Every structure is written in structure tokens, then in C-alpha cells.
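**Q** Position chain R relative to chain B; hints supplied.
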Amino acid sequence: MKISIDPITRLEGHGKIDILLDEKGNVKEAYMQIPELRGFEQFCKGRKAEDMPLITERICGVCPEAHHFASTKALDDAFNVEPTSAAKKIRELLYNAYFFYDHCLHLYYLGGVDLIVGDAPKEERNILGVIKKVGLEIGKEVIKHRRYAMEIVKTIGGREIHPICGVPGGVTKQISEEEREEIIKKAESCVEFGKFSMDVFNKIFESKEFKKLNEMDKLETYYMGIVDEKNHVNFYDGKVRVVDPDGKEFAKVDAKDVLNIISEHVEEWSYVKFPYLKDVGWKGLVDGKDSGIYRVGSLGRLNAADGMSTPIAMEEYKKFKENGVVHSTFGFYQARMIEMMNAAERMLELAKDKEITSDKIRNEIGEPGEGIGVIEAARGTLIHHYKLNEKGLIEEANMIVATTNNNAGINMSVRNAAKKVIKGGKVDDIILNKVESAFRCYDPCLACASHSLPGEMPLIVSIYNKNGLHKKLVRNV
Amino acid sequence: MSDVVIGLGNPLLGDDGVGIEVASIIEKEMPHINVKKACVGGMTLAEMVAGYKRAIIIDGIEGEGEGEVVEIDIKNLKARSMVGHDVDFATAVKILSRITKMPDIKILGIKIGKPCWKDGLSPKIRATIPKVVEKVKEILEDGHGFTG
Numbered sequence: 001m002k003i004s005i006d007p008i009t010r011l012e013g014h015g016k017i018d019i020l021l022d023e024k025g026n027v028k029e030a031y032m033q034i035p036e037l038r039g040f041e042q043f044c045k046g047r048k049a050e051d052m053p054l055i056t057e058r059i060c061g062v063c064p065e066a067h068h069f070a071s072t073k074a075l076d077d078a079f080n081v082e083p084t085s086a087a088k089k090i091r092e093l094l095y096n097a098y099f100f101y102d103h104c105l106h107l108y109y110l111g112g113v114d115l116i117v118g119d120a121p122k123e124e125r126n127i128l129g130v131i132k133k134v135g136l137e138i139g140k141e142v143i144k145h146r147r148y149a150m151e152i153v154k155t156i157g158g159r160e161i162h163p164i165c166g167v168p169g170g171v172t173k174q175i176s177e178e179e180r181e182e183i184i185k186k187a188e189s190c191v192e193f194g195k196f197s198m199d200v201f202n203k204i205f206e207s208k209e210f211k212k213l214n215e216m217d218k219l220e221t222y223y224m225g226i227v228d229e230k231n232h233v234n235f236y237d238g239k240v241r242v243v244d245p246d247g248k249e250f251a252k253v254d255a256k257d258v259l260n261i262i263s264e265h266v267e268e269w270s271y272v273k274f275p276y277l278k279d280v281g282w283k284g285l286v287d288g289k290d291s292g293i294y295r296v297g298s299l300g301r302l303n304a305a306d307g308m309s310t311p312i313a314m315e316e317y318k319k320f321k322e323n324g325v326v327h328s329t330f331g332f333y334q335a336r337m338i339e340m341m342n343a344a345e346r347m348l349e350l351a352k353d354k355e356i357t358s359d360k361i362r363n364e365i366g367e368p369g370e371g372i373g374v375i376e377a378a379r380g381t382l383i384h385h386y387k388l389n390e391k392g393l394i395e396e397a398n399m400i401v402a403t404t405n406n407n408a409g410i411n412m413s414v415r416n417a418a419k420k421v422i423k424g425g426k427v428d429d430i431i432l433n434k435v436e437s438a439f440r441c442y443d444p445c446l447a448c449a450s451h452s453l454p455g456e457m458p459l460i461v462s463i464y465n466k467n468g469l470h471k472k473l474v475r476n477v
Numbered sequence: 478m479s480d481v482v483i484g485l486g487n488p489l490l491g492d493d494g495v496g497i498e499v500a501s502i503i504e505k506e507m508p509h510i511n512v513k514k515a516c517v518g519g520m521t522l523a524e525m526v527a528g529y530k531r532a533i534i535i536d537g538i539e540g541e542g543e544g545e546v547v548e549i550d551i552k553n554l555k556a557r558s559m560v561g562h563d564v565d566f567a568t569a570v571k572i573l574s575r576i577t578k579m580p581d582i583k584i585l586g587i588k589i590g591k592p593c594w595k596d597g598l599s600p601k602i603r604a605t606i607p608k609v610v611e612k613v614k615e616i617l618e619d620g621h622g623f624t625g
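Protein chains in written order, with our numbering: chain B, 1 to 477; chain R, 478 to 625.
Fair warning: there could be bad hints in the mix.
[To be verified] Just the calculated beta-carbon pair ranges, DEER-fashion: (1) R:ASN553 x B:LYS391: 47 to 53 Å; (2) R:LYS601 x B:LYS319: 30 to 36 Å; (3) B:ARG147 x R:LYS552: 23 to 29 Å; (4) B:GLU370 x R:ASP596: 23 to 29 Å; (5) R:LYS601 x B:GLU249: 55 to 61 Å; (6) B:LYS318 x R:ASP596: 40 to 46 Å.
Simulated from the structure, these hints should not be mistaken for lab results. Only a predicted model underlies this, so the values are computations on that prediction, with no experimental measurement involved. Glycine is no exception: its CB is placed at the ideal position from the N, C-alpha and C atoms.
So that you can see chain B by itself, here it is in the shape it has in the complex (with noise of 0.2 Å):
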């Protein structure tokens, strides 16, 4: 008996990609649908709040961390309490780690794989090939040091992957000074596995065949990111900053007033909203600066700020931002990589400082009200928000994810790849990778954005001509 039970077969839908022929077989338009599971924000409703960050956490099982702490930041803004500062050290630095071990699966075991692979055979597009191309031994390093930063989240967070230590006004748990010191040492050589990735990724952000990858798809949209006080980018918190298509400042607010400078536009064929910049306003899927359209994730990031906060990661900052705003979405990838090398040294950083050992871990929360956490998950800004009542129940609870504020550029990126690499009519499995890498740039997390499962879900390719469906590929086999 044959029975498939990954993730995939338990979603109700799956992800699906249209694309649109004209008569000559060639591209006229490509859409890119997402389910929706819905009922998540009916579910909260009346729990106590305090649960939110356990509760919202189990949406996905891409970005737990992620929901967490914009959670968390959710019910300190609720409670009207700052949480300590080695609290608020304790927090970015299981944060880091997070973003650590999640870059790092998608530089070299997903979306990283095509630009090594992008063109090998499918048996060879994964981190296979890539090894056939820079050795076995990477393999092992990836495993352990994914390994390490998922074990200083559990450290910190209390469980593996599952964080249970954020709580309104600061953290749960203490760290002992053995557990920091432990944390150093693993810190120490992510920093290094960070360094020699940096290399393996720059010989091929370097190559010829990149150059030509980043020439696929170029988006003059505006970009979205946290900073902090310097305008560097920062994962775990500080203000919202917008930059237009020429890289000049657009709107810096406090995540509180986040949801004031965007709306949400519906379209019929898709579940998922698009969100766009209210004071520009939506003219369609299209880009520049009269369009309202965003981008978030790494290249949303490092395009929003001046710099990183570390100093490796900012010197390659400095060459990948040297002609000013990258628009090209493999760019993602690159952006990526400095993120992965400042989340590690930023690790360390936090790791070295002895106020984490502190036992002053919380703050004493205030009366329940009306919340807003905005957070850098790795695949972009993710708003939680969340109004109690006076018992501290859920009484209404909303979120923005990272995948659908990137929505209207993932669609663009579709279209624009599917009308680049089919012609024709002529689709065959490499060139529907062409146009699904197209996506991955942006390491989307399907699950997320449609409130659903852990995991992945297959993607359905239906190609349409003028007599109707040409060609349904389910592409999952």
C-alpha cells in the first residue's frame, strides 16, 4: 500500500501557479494563488492572552520563533510594559539563532541550490549537486551548525524550535553563566561556518552565470524593514522604515503605527490580500514609484536600511549596496547571505555580554488593552495584533505575514519569469524550475501566509491556451 503522509497530503489546498498563453504560446499573464486555512483568528478569540505566543507559534512550522516574539511584543505593548533590558538581550539573541539555522536551510538546501544547480538535472537540484560542486564535508558543517544555533534556541527558548519563554514584560527563564558560555563557543563557530559560507556564496554571486540570473527579474518597488537608531538593519526590533525605488526614505514609524501606513487590496482569484503603501496607493501588479507595492524579506531589508550591525556583515553590505538600491530579486540571495553573517555575529555579541545572566528577566505588566508586535521574520515583516478585554482575553486578533505582504511581488516575479524562459508554448521541467526559482528567491513560506500547516505544500502548474487548459503539472513527483 502506498500512502504519502508528509505535510503536503494533510493541506486542504496547495499552492498553484496559473499561467496564461496567447496565441503564439507565448506568456500573457502568470498568477501565483495561495490557499487560505481559514478560522486561525476565530480560534483565538477568548483565550487568554498570555497563550498567544504558544498559540500563534503552532500557524506555521516554517517561522515558529517568529511568531513567538511578534506575539510577545504584541502583549508588551497590550500590557503597556518594556520588557528588561537583558530580557530584551535574552530575546534578540534566541532570535538570532533562529534566523541563523532558517537562512542557512535556504542558502544551501533550497532556493541556494539554483544557483549552483539552477540548470543540472532534477536528481542533482538539491544540496547533492551542490556538493558534488564544493564537497561532501560542507554537507556535514551545514548539519552542525544548523544543529548548534537550533540548540541555543532551545537553550533559551526552553524547547527546540518551539520557543516557550517569551511572556509579556520580558522572558521565563534565566540563563546561567555555563549555558552562556556554552552558547560562545557554538556562537564562535557559527561566526566562522558564517565567514567560509560568505566565501562559497561570493564565488557565486561573483559568476557569470549569476550576473545572468539577476538580469531575470528586476522590481523598482519600495522596500520594507526594521532599523534600529543607526538605520541598521535589525531582526528583533525597533522602527518600521519604507524606502521608495530610489532608496530615499518613505516612512519611518513606530511598529505600533505600522498598520496606518498600508492597506490591503483584495483580488477575486486569490485568498491571499495585497498589501501595498496606503499614501501611494494600488495601481495593479506593477512596479515603480506611483505603485504602492512593497517588497519584504532580506532584499526588503538591506534595501530599507543604511547598514548592518556587525562588522563583517556590513562590510559586504557595503559592496553588495555600493551602486545604491539592488532591484533585482535573486539579489535575495545575497542579501541572505550578510543577513546569515550578522545573525551569527550578532549571536556572539549577545552571547559576550554578562547582562544576559541577569536575573532581572521581567517586568510587571500593566492593565490589558489593544497590542501591536512587529517583528523581522526571516522572510519579512510580520505584524501580530491583538485587542483584549479587561479579564486579558483575545477579543479580536489579526496578522500581516511575511510571505503575503511579498505577495504582489512574488506574482510579479512569476509573471515576469514565466514570460522570460516560455515560448512558445514549450514547458518542460527545467524550464518550470526557471520559473518557480523565480518564487523561491523570496524563500516563501506558503504555510504561513495561509495560516495552515507546518511544512510544504505542492505546487500546481495549469498552463492555459486559447482552447483552455493546455497542460496541469502537478509538480510534486
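**A** For chain R alone, coordinates are given in the frame of chain B:
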């Protein structure tokens, strides 16, 4: 490293949490066994079992015949392409087996209805737990079900 038992599922999706419940019982009744509970898939799950000799994964699966328990061989899982943030479990195991030592893997699937946001298990699925616990013990004790 020896054996690991992994309970998979999302306890906030009703019966989908059955794997977690089974793992909690194994954890109590067989303290010498490594037990993990997770809500992950793909590469992270594959990394979780890497290095062990044998791994038993317990998970709720969608399909007709609610409450039925099926044993699944990893070889029968479909390998899918990478489309989003992750690769599927079968592909991840295949990839990691080229890099590191991977265990013999046995999967116990408990058929559940369509998952939806809901607390706790339905009586029908809860009733399957003793049977699944026994099955896990049987596999661990006499090696039944493992190919290696």
C-alpha cells in the same frame, strides 16, 4: 545513538495532535527511550532523526477510515520537488543519507479527518492511542517493522 520516537503534529488542529499524545505516553512509560515531540516536517524532521539507529515517527494522516492505524515504509513516501521553503521528508532523508548516517525509519500513521483549528482529540481518535502505544513498544522491543 540508539532509538528515537518522534510524535508529530499540531495539538491546536484537533486530531492532528494524536502523534504528540502518543509520544507523551511513551516518554512516561519508556524513560530510557529518546522521545521528541514536534510540529515540523521536511529537512528539520530529517535532521532530527539523523544519527540514530532506528526512528519511529507517529503522525496523524488525512484519509478515509478515521482511527485506522497504518505502518508506512519510508520507501513508499513520495519524493516531491522543492517548491517553497522546505523539501519534503522523503527527499530530505534521501539527501541527508548521502551526507550522514540516517536511521531505519518506521512511520505509524493514524488516520484522522480533515484537520481544523480545534483543541483536543475526538473520542474516536483518542481511543486509538493505547493500540498505537502498544505498537510502538512492540516495534522497539522486537525490532518488528524495521528493515535493517
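**Q** Each hint: holds or not?
**A** Hints versus structure:
1. A beta carbon spacing of about 50 Å between ASN553 (chain R) and LYS391 (chain B) agrees with the range 47 to 53 Å that was offered as a hint.
2. For the pair LYS601 (chain R) and LYS319 (chain B), the supplied restraint of 30 to 36 Å is violated, since their beta-carbon distance comes to about 60 Å.
3. At about 26 Å, the beta-carbon gap between ARG147 (chain B) and LYS552 (chain R) stays in the expected band of 23 to 29 Å.
4. For GLU370 (chain B) and ASP596 (chain R), the hinted distance range of 23 to 29 Å is satisfied, since their beta carbons lie about 25 Å from each other.
5. For the pair LYS601 (chain R) and GLU249 (chain B), the beta carbons lie near 58 Å from each other, so the given range of 55 to 61 Å is met.
6. A beta carbon spacing of about 51 Å between LYS318 (chain B) and ASP596 (chain R) contradicts the range 40 to 46 Å that was offered as a hint.
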